[in-house]
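Participant: Using full-length UniProt numbering, the first residue of the sequence shown is number 1, and each one after it goes up by one.
Hints were generated in silico from the structure; no laboratory data involved. Certain hints may be false.
Pairwise CB distance ranges, derived in the manner of DEER restraints [stated by the list, open to error]: (1) Asp-43 to Arg-253: 16 to 24 Å; (2) Leu-207 to Glu-92: 27 to 35 Å; (3) Val-236 to Asn-187: 25 to 33 Å; (4) Glu-245 to Ala-41: 28 to 36 Å; (5) Val-236 to Arg-132: 43 to 51 Å; (6) Ser-109 to Gly-208: 21 to 29 Å; (7) Ala-135 to Gly-30: 43 to 51 Å; (8) Ser-74 to Asp-43: 16 to 24 Å; (9) Val-236 to Ser-31: 24 to 32 Å; (10) Pro-114 to Leu-207: 26 to 34 Å; (11) Glu-86 to Arg-132: 24 to 32 Å; (12) Ser-58 to Glu-245: 18 to 26 Å.
Glycine included, every Cβ here is placed at the ideal spot set by N, Cα and C.
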Amino acid sequence: MSTPASTPHAERAEPPGSAARARGLTKAYGSGETTVLALDAVDVDIARRRFTAVMGPSGSGKSTLMHTLAGLDSVSAGQVWLGDTEITGLKERELTQLRRDRVGFMFQSFNLIPTLNARENITLPMDIAGKRPDAEWLEHVIDTLGLRDRLRHRPAQLSGGQQQRVACARALASRPELIFADEPTGNLDSRAGLEVLGFLREAVDALGQTVVMVTHDPGAAAHSDLVLFLADGRIVDEMDRPTAEAVLERMKRFDVLHGAPHAPDGAPHDTGAAPQSAPDEA
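Let the hints inform the model, and build the full structure from the sequences given.
Facilitator: Set out below in structure tokens:
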């Protein structure tokens, strides 16, 4: 899907500190001669209230980077922080609570409950956690995403773009510190994908959220403030205020320089497990 950007980037002052950061982040799968190095001593800072896109050829480590930053996957070496909290070394129960309270997720599959209407799907993670949503914030999110007249509809009564908007509202509903979006437009046509990207942009500009999006689409990346380029498990370049054309040219250069990928993104890790359980954690 090609989705050229149409939403201008707003000028705004950046608050100090990072929403997430990693130092020497390394992730290896297997051992001995069969070892696959998905991330190789990565240093990265994710700025608050900015939209960061992560790109790279298949096998570059972009999904693994997102999963380790989000605490969905363990690290082989290095350190990861969410805000001021170092998450490497936390027990699974502590990670579950951290993801539930401080992180939002969006994925290609919308993961909506078919028997619940849109509003019920949006508030489900908080309902499971026994938390009451901030009513004013929730209504603001619903209006920002244009879901007011769809709240009583079940997923089967919604288009793909509308379902992803519901998933976006669910990610935003608890006002998380950071939203991770893994190919959020991957199952959408160009028009619906462009719409969802516009809403993610709006979440940053109007709602003050922080978004990290993994994508293979230069047009999608052009909606971000910053693109990080991965190759062979390392961040090899970045682009501020990207355009689709500039991103595409940069990716072509990486294809020439780095050739075929050395390992599948996510490696043998079951990347669907934690995303599927995300509603239970929020």
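Participant: Starting from the hint 24 to 32 Å, judge whether the C-beta atoms of Glu-86 and Arg-132 obey it.
Facilitator: holds (30 Å)
Participant: Note whether the CB distance of Val-236 and Ser-31 lies within 24 to 32 Å or breaks it.
Facilitator: Since Val-236 and Ser-31 have Cβ atoms about 26 Å apart, the given range 24 to 32 Å holds.
Participant: For the hint 18 to 26 Å, verify it against the beta carbon of Ser-58 and that of Glu-245.
Facilitator: holds (22 Å)
Participant: Is the hinted range of 16 to 24 Å satisfied by the C-beta distance from Ser-74 to Asp-43?
Facilitator: holds (18 Å)
Participant: Between Asp-43 and Arg-253, does the C-beta distance stay in 16 to 24 Å?
Facilitator: holds (22 Å)
Participant: Pro-114 and Leu-207, beta-carbon distance inside 26 to 34 Å?
Facilitator: For Leu-207 against Pro-114, whose Cβ atoms are near 28 Å apart, the range 26 to 34 Å holds.
Participant: Is the distance from the Cβ of Ala-135 to the Cβ of Gly-30 consistent with 43 to 51 Å?
Facilitator: Between Ala-135 and Gly-30, where Cβ atoms are some 49 Å apart, the hint holds.
Participant: Given a hinted range of 21 to 29 Å, is it respected by the beta-carbon distance of Ser-109 and Gly-208?
Facilitator: holds (27 Å)
Participant: Holds or violated: 27 to 35 Å for the Cβ distance of Leu-207 and Glu-92?
Facilitator: holds (30 Å)
Participant: Evaluate the given range 43 to 51 Å for the C-beta pair formed by Val-236 and Arg-132.
Facilitator: Since Val-236 and Arg-132 have Cβ atoms about 45 Å apart, the given range 43 to 51 Å holds.
Participant: Is the gap between the beta carbons of Val-236 and Asn-187 within 25 to 33 Å?
Facilitator: holds (29 Å)
Participant: Quick one: are Glu-245 and Ala-41 within 28 to 36 Å, going by C-beta?
Facilitator: holds (31 Å)
In summary, this structure violates none of the numbered hints.
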